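*Asks:* Residues per chain, in single letters:
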Amino acid sequence: MTQQPIDVASKKETEHVNVMKKANYSVLLQIKKNYSAYLFLLPKLLLFTLFVAIPVVWAFVLSFQEYKVFGSEFAGFDNYIKVFESEAFRIALKNTLLFTVVTVPFGVISALVISSMIFGLGKLSQSLFRSAFYLPSVTSMVIIAMVWRWMYNYEFGLFNYVLGWFGIDQINWLGQSSSALWALIIMQCLIPFGVGIIMYLASMGSISHSLYEAAKIDGASSFKQWLHITIPLLKPTTLYLVLLSTIGSFQVFTQIIMMTGGGPGSATETLVHLIYKTGFRDFEFGLAAAQSVVLFVIILIFSIIQFRVLRHDE
Amino acid sequence: MKRMWKKSMLSLASLGLAASVLAACNGDEVGSADEFKGKITIWDGPRWPDKDDNKFHWLEAKIKEYEEAHEGVEIELVQVPWAEMGDKLGVAIAGKSWPDIAPVDISGSAVSIDHIEQGVIEPLDDFFDKDAKADFYENALDAYTYDGKMYGIPNSITLHSMLLNLDLFEEAGVTPPEGGEWTYDEFLDAAKKLTFDRDGDGKIDVHGFSTYIMPGYYEAWPFFYKNGGSPLNEDMTEFTFDTPEVVQAIQDLADLKLTEKVAPETHGGIDVGGTFQAWANEEQRTVAMQPWATWAIGAAQGKYPTNFAVANYPTGDSDKAVTIGGVGGWVMFHQDKDANKKAAAADFMKFISTDKEQYHMAQNYGIFPARISAAEMDPFKDNPEMTRAMEMSEQVVMLPRHPEWRKIDEAIQTQLQLVFNGEKTAKDAMADAKKAVDELLK
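Those protein sequences? They're chains G and W, same order as listed. Going from the first sequence to the numbering used here is simple: count from 1 and add 2. Going from the second sequence to the numbering used here is simple: count from 1 and add 102.
Worth flagging that the hints you see were computed from the coordinates, not collected in a lab. Nothing here was measured: the structure is a model prediction, and the numbers come from that model. Every residue gets a Cβ at the ideal spot worked out from N, C-alpha and C, and that includes glycine. Worth double-checking, as some hints may not be accurate.
Capping the alpha-carbon separation at 25 Å, the derived lysine to any residue pairs in SDA-like fashion look like this [unchecked claim]: (1) Lys-294(W) with Thr-388(W); (2) Lys-363(W) with Trp-167(G); (3) Lys-458(W) with Asp-421(W); (4) Lys-141(W) with Val-71(G); (5) Lys-452(W) with His-436(W); (6) Lys-190(W) with Asp-284(G); (7) Lys-526(W) with Thr-489(W); (8) Lys-84(G) with Glu-347(W); (9) Lys-544(W) with Val-71(G); (10) Lys-190(W) with Met-143(G); (11) Lys-237(G) with Met-153(G); (12) Lys-84(G) with Thr-388(W); (13) Lys-84(G) with Phe-255(G); (14) Lys-198(W) with Phe-282(G); (15) Lys-70(G) with Glu-186(W); (16) Lys-305(W) with Met-153(G); (17) Lys-305(W) with Tyr-163(G); (18) Lys-198(W) with Val-59(G); (19) Lys-237(G) with Met-119(G); (20) Lys-422(W) with Thr-342(W); (21) Lys-84(G) with Leu-542(W); (22) Lys-198(W) with Arg-283(G); (23) Lys-84(G) with Gln-220(W); (24) Lys-70(G) with Lys-305(W); (25) Lys-190(W) with Leu-312(G); (26) Lys-526(W) with Glu-347(W); (27) Lys-164(W) with Pro-183(W); (28) Lys-70(G) with His-436(W); (29) Lys-198(W) with Val-274(G); (30) Lys-190(W) with Glu-286(G).
Only some residues are given here: those of chain W computed to face chain G with a beta carbon under 8 Å [stated by the list, open to error]: (31) Asp-189; (32) Ile-195; (33) Ala-196; (34) Ser-214; (35) Gln-220; (36) Gly-221; (37) Arg-508; (38) Thr-516; (39) Gln-519; (40) Glu-525.
All chains should be modelled from the sequences, with the hints used to inform the complete structure.
*Replies:* Structure (structure tokens):
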């Protein structure tokens, strides 16, 4: 009798080892069994390693170096200390956060509302609106930024022209510290979040009709059905879109370089624009790599928080 | 002409401070260009077009000529838009995949003093003896000299000048400054008269003056020198743009918009293209006076035909007209081992930098030659505007060649933007710039 617990423990251990062995064996077996699939994945995997994984690791290595064209030197945490002591980095972080905090919820909510409105339409009009809202996503941000720069132009711009109808003074949209960042935020909010709309429409299509029918029988209004059935069931899509647009928003760059150059003063300086300047204008690649790593960590933290919050009642 | 580019106000000899310049990188062996067989890569930006609108025809023809005379040598031309040249070179330097030869204004932003110190740029002294150097204007050569070594072949000289739209002067009944020389008060008086409501609708249609403020651009800067003063002291240890005379000059230029109302709201903004269009585009012509680098003279004589005159920057308390200049040229990037290749690349650089070529380029591309003999051929004898601009070369000051200049420049220019916005006074802005710049000068 006294031997039993030991037997049980050793038996469990043996089972565990067996499971592990089996698992290892089965992974190898799986690869062997599906080798053609892995063969097809291999080119992409190699490209990913070459163009994504290695540069990411290299950026991390570079962030601990003082970059020199010939013979970089190990710099320890010097670059990171510089990042955290830098006033420019703090300003860029503040601007990027404000940009993200306003544009991401606006983008996702507007995509949800627009796609809900489109979803109820007939097939033809649905396709029409879907294309109309998605097409701008195909346009290069460079083109969009050029058009918007014209719309914000002080003398000939559309906005000031319209304000003129109401007798309101022209606004130097991109030229004043007080308005420049908000001008970029407004622009971002008004560009339809095409990918979001398409994804919401696809997800809505997969919600079972029976749920709505049951709700109808219970006397729920359309709005209540939307609030209590559509929105909760779209949560995985919402999570994905929030993550996607947060990452994109933290990396805002093209608009900045095309429209304001980070100015006036530092009013529209953002993290990626600062990293770009540090790397390619100042040639301080070590510091730029450290800034990138810090940005990576910030995005990671935000993603984890969003994941936890939005996943909560799954 | 020989007086052109007399020693400039800032002694570039002071740049020889750093003692850490790497020695000529490939040992002492000087190769032979004749023995080289292989490929040399050269980058260049678009220049003037031929009848097929090919803006690379000049270099393509030179390459063909050189290849025919040197069997076994292949020269590959990579066409790079000027706007991308700086970034592309930056990436190439970072990846050590640079071309053999590229056009670089060494006082600009594509290559820094830091790169020379790190050995990215090859010294060319082995290929240019004293006699060969004697044909270049001293200042042009100085721009490519660091710690006593020559790091490029000066090819062209540019400077900034004031361009006046004579049609608008006539419309407003203003006489342009005689000989292009004027004081700031005369300039301000003209700017006031040139600001007018053309159609009587109560809105100003034409403003007297406009320019922009952006890191890396210096059209406005000669105004800041008008009372004397410069961004850094002579040994580049101290920020000196906060002296009362400079602060006053900055405030004066901003006040053209803020209090005098002779400049449009966009004055001091960052819209370079829009600013030029407002002066040059026939549909607009809403600004009478703007300062531009010499390329704009060519544009106003070609693509945007304008009735204009070239004038000095107005003088202030110092009674001395000042402008800012730059020197363009060819540099050779670090060569690994082949001494013969280095010699061949230098030989080709010489081949495209002869007095004949510089004369040709001056006539067609609107730049001033860096060679004395090319200038003596008088490329602008039929072009009074370019001749007038060339006379201004005696007023040129060069920007300080500090290794951290791009950061210093940004610290100053971003503060200047706030002054022109009316968000800060020039005094406060330059006090803030001083804090940032002093950190960089430590």
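*Asks:* Now tell me if each hint is right for this structure.
*Replies:* Going through the hints against the structure:
1. Lys-294(W) with Thr-388(W): Holds, at roughly 14 Å.
2. Lys-363(W) with Trp-167(G): Given pair Lys-363(W), Trp-167(G) holds - Cα atoms ~24 Å apart, limit 25 Å.
3. Lys-458(W) with Asp-421(W): Distance ~38 Å between Lys-458(W) and Asp-421(W) Cα, so the pair is violated.
4. Lys-141(W) with Val-71(G): OK: Lys-141(W) and Val-71(G) at ~23 Å, within 25 Å.
5. Lys-452(W) with His-436(W): holds, 17 Å
6. Lys-190(W) with Asp-284(G): Cα-Cα ~14 Å, so holds.
7. Lys-526(W) with Thr-489(W): The given pair, whose Cα atoms are some 40 Å apart, is violated under the 25 Å limit.
8. Lys-84(G) with Glu-347(W): Between Lys-84(G) and Glu-347(W) the Cα gap is close to 35 Å, so the pair fails against 25 Å, i.e. violated.
9. Lys-544(W) with Val-71(G): Given pair Lys-544(W), Val-71(G) holds - Cα atoms ~23 Å apart, limit 25 Å.
10. Lys-190(W) with Met-143(G): holds, 21 Å
11. Lys-237(G) with Met-153(G): Answer violated: Lys-237(G) to Met-153(G) is near 36 Å, above 25 Å.
12. Lys-84(G) with Thr-388(W): Outside the cut-off at roughly 46 Å; violated.
13. Lys-84(G) with Phe-255(G): Distance of about 22 Å is within 25 Å: holds.
14. Lys-198(W) with Phe-282(G): This hinted pair holds, its Cα atoms lying about 14 Å apart.
15. Lys-70(G) with Glu-186(W): holds, 23 Å
16. Lys-305(W) with Met-153(G): Given that 25 Å is the threshold and the Cα spacing comes to 21 Å, the pair holds.
17. Lys-305(W) with Tyr-163(G): Holds, at about 14 Å.
18. Lys-198(W) with Val-59(G): Holds - the C-alpha atoms of Val-59(G) and Lys-198(W) are around 19 Å apart, at most 25 Å.
19. Lys-237(G) with Met-119(G): Distance ~18 Å between Lys-237(G) and Met-119(G) Cα, so the pair holds.
20. Lys-422(W) with Thr-342(W): holds, 19 Å
21. Lys-84(G) with Leu-542(W): holds, 13 Å
22. Lys-198(W) with Arg-283(G): Within the cut-off at roughly 16 Å; holds.
23. Lys-84(G) with Gln-220(W): holds, 22 Å
24. Lys-70(G) with Lys-305(W): violated, 56 Å
25. Lys-190(W) with Leu-312(G): violated, 42 Å
26. Lys-526(W) with Glu-347(W): Measuring from Cα to Cα gives roughly 17 Å; hence the hint holds.
27. Lys-164(W) with Pro-183(W): It holds: about 19 Å lies between the C-alpha atoms, which stays within 25 Å.
28. Lys-70(G) with His-436(W): Measuring from Cα to Cα gives roughly 14 Å; hence the hint holds.
29. Lys-198(W) with Val-274(G): Measuring from Cα to Cα gives roughly 23 Å; hence the hint holds.
30. Lys-190(W) with Glu-286(G): Judged against 25 Å, a Cα distance of about 16 Å means the pair holds.
31. Asp-189: At 6 Å from the nearest chain G Cβ, Asp-189(W) passes the 8 Å test, so the hint holds.
32. Ile-195: Where the cut-off is 8 Å and the nearest Cβ of chain G is about 6 Å from Ile-195(W), the hint holds.
33. Ala-196: holds, 6 Å
34. Ser-214: Status holds, d = 7 Å.
35. Gln-220: Hint holds; Gln-220(W) Cβ to chain G Cβ min 5 Å, cut 8 Å.
36. Gly-221: Given a least distance of 6 Å, the restraint on Gly-221(W) holds.
37. Arg-508: holds, 6 Å
38. Thr-516: For Thr-516(W), the interface hint holds, since the closest Cβ of chain G sits about 5 Å away, which is under 8 Å.
39. Gln-519: Check passed: Cβ of Gln-519(W) comes within 4 Å of chain G, closer than 8 Å.
40. Glu-525: With a closest approach of 6 Å, the Glu-525(W) hint holds.
In the structure shown, a violation is registered for the earlier hints numbered 3, 7, 8, 11, 12, 24 and 25, in ascending order.
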